[in-house]
Structures are given as C-alpha cells and as structure tokens.
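> Numbered per our numbering, the sequence shown spans residues 1 to 142.
Read the hints as simulated data drawn from the structure, not as lab findings.
There's no promise every hint is true.
Unchecked claim - In silico SDA-like links for lysine to any residue, alpha-carbon gap of 25 Å or less:
1. K106 / E32
2. K109 / E127
3. K61 / E39
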Amino acid sequence: MICKNGVPIRAMPNIHEGAFIGDIREVTQALESGQSPAEPDETGTTAVHKAAANGHLEVLKMLVDHGGDINKTDITGCTSLHASARNGHISCVKFLVEQGADFRVKSNKGNTPMNIAKSNAQQKVAEYLSTCDREKFAWEVQ
1 MICKNGVPIR AMPNIHEGAF IGDIREVTQA LESGQSPAEP DETGTTAVHK
51 AAANGHLEVL KMLVDHGGDI NKTDITGCTS LHASARNGHI SCVKFLVEQG
101 ADFRVKSNKG NTPMNIAKSN AQQKVAEYLS TCDREKFAWE VQ
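Could you build the full structure based on these sequences and the hints that come with them?
The following block contains the structure:
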C-alpha cells in the first residue's frame with residue numbers, strides 16, 4: 001500500500017467502491033480511466049448492482065449510460081433490480097424498470113424482485129412491481 005505521511009493513498013479510483021458509497025466523482029474518474037461498469041467483482045456483482053443496492057440513483061444512471069448491464073446476475077442469480085428491491089430504493093427500482101430491467105427474473109433460489117421486496121417488508125416497492133406485472137400481463141394479452 002502506498003502511503004503519504006502515514007496515510008494510505010489510493011493510486012486509482014475504483015468504480016465498485018465509488019458505486020457502493022455513491023461517490024459520483026470517483027465513478028466519473030474510474031470511467032475516464034477506462035474501468036467498465038460491466039466488470040464484475042469476485043461475487044459477480046457489478047458497480048450497477050452496488051449503486052442500485054445502496055440507492056445511489058445518479059451514480060446508477062451514469063453507470064447505465066456508460067454501458068452497465070441492468071440485467072446482469074451475480075453468483076446468486078440476483079440482478080440490480082433484486083438488490084434495489086431488497087433495500088427499498090423505489091427511485092432506483094422505477095429507473096431500472098423504465099430502462100427495461102426484467103422484473104420477472106428469478107434468482108437461484110427462485111425469488112423475483114417482488115418476492116425479495118415482500119420478504120424484506122418493502123411494501124412500496126412490492127406494490128410498484130406488482131403494478132408493473134399487471135400492466136405487462138395486460139399488454140401481452142392484447
């Protein structure tokens with residue numbers, strides 16, 4: 001680890017850390033340095049997952065604008081929509097659905113984002129996803 005006056009210095013911005021903490025400046029620098037929003041970590045989690053899970057809407061939008069895959073699954077089969085639904089981040093959930101996130105996708109344990117929202121007492125998110133499902137069904141029937 002490189003230090004200056006005993007304080008660790010990070011040599012390069014990290015897209016995953018920036019997305020996790022919602023630091024748009026760090027994410028911007030990471031993107032400018034060539035880091036990809038689609039690059040997964042060791043658990044298959046992308047920066048998009050991390051921004052969505054933590055409710056960082058502006059960072060999430062930036063990552064999607066730069067090619068982040070909203071339907072990419074991690075090693076548990078969860079997408080960024082599962083992650084934002086689990087934590088009740090309704091603005092991120094709505095954005096992901098508007099961008100075409102698959103709200104019917106099931107994790108490795110068979111849970112949809114709506115199931116995850118319900119099991120984590122995220123009623124507002126569960127209601128919204130239930131509405132999306134009804135609208136999609138009505139559209140498919142026509």
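> Taking the hints in turn, state whether each one holds.
We went through each hint and held it up to the structure:
1. K106 / E32: violated (34 Å)
2. K109 / E127: Within the cut-off at roughly 21 Å; holds.
3. K61 / E39: Holds. K61 to E39 sits at ~16 Å (cutoff 25 Å).
When held up to the earlier numbered hints, the structure conflicts with hint 1 and nothing else.
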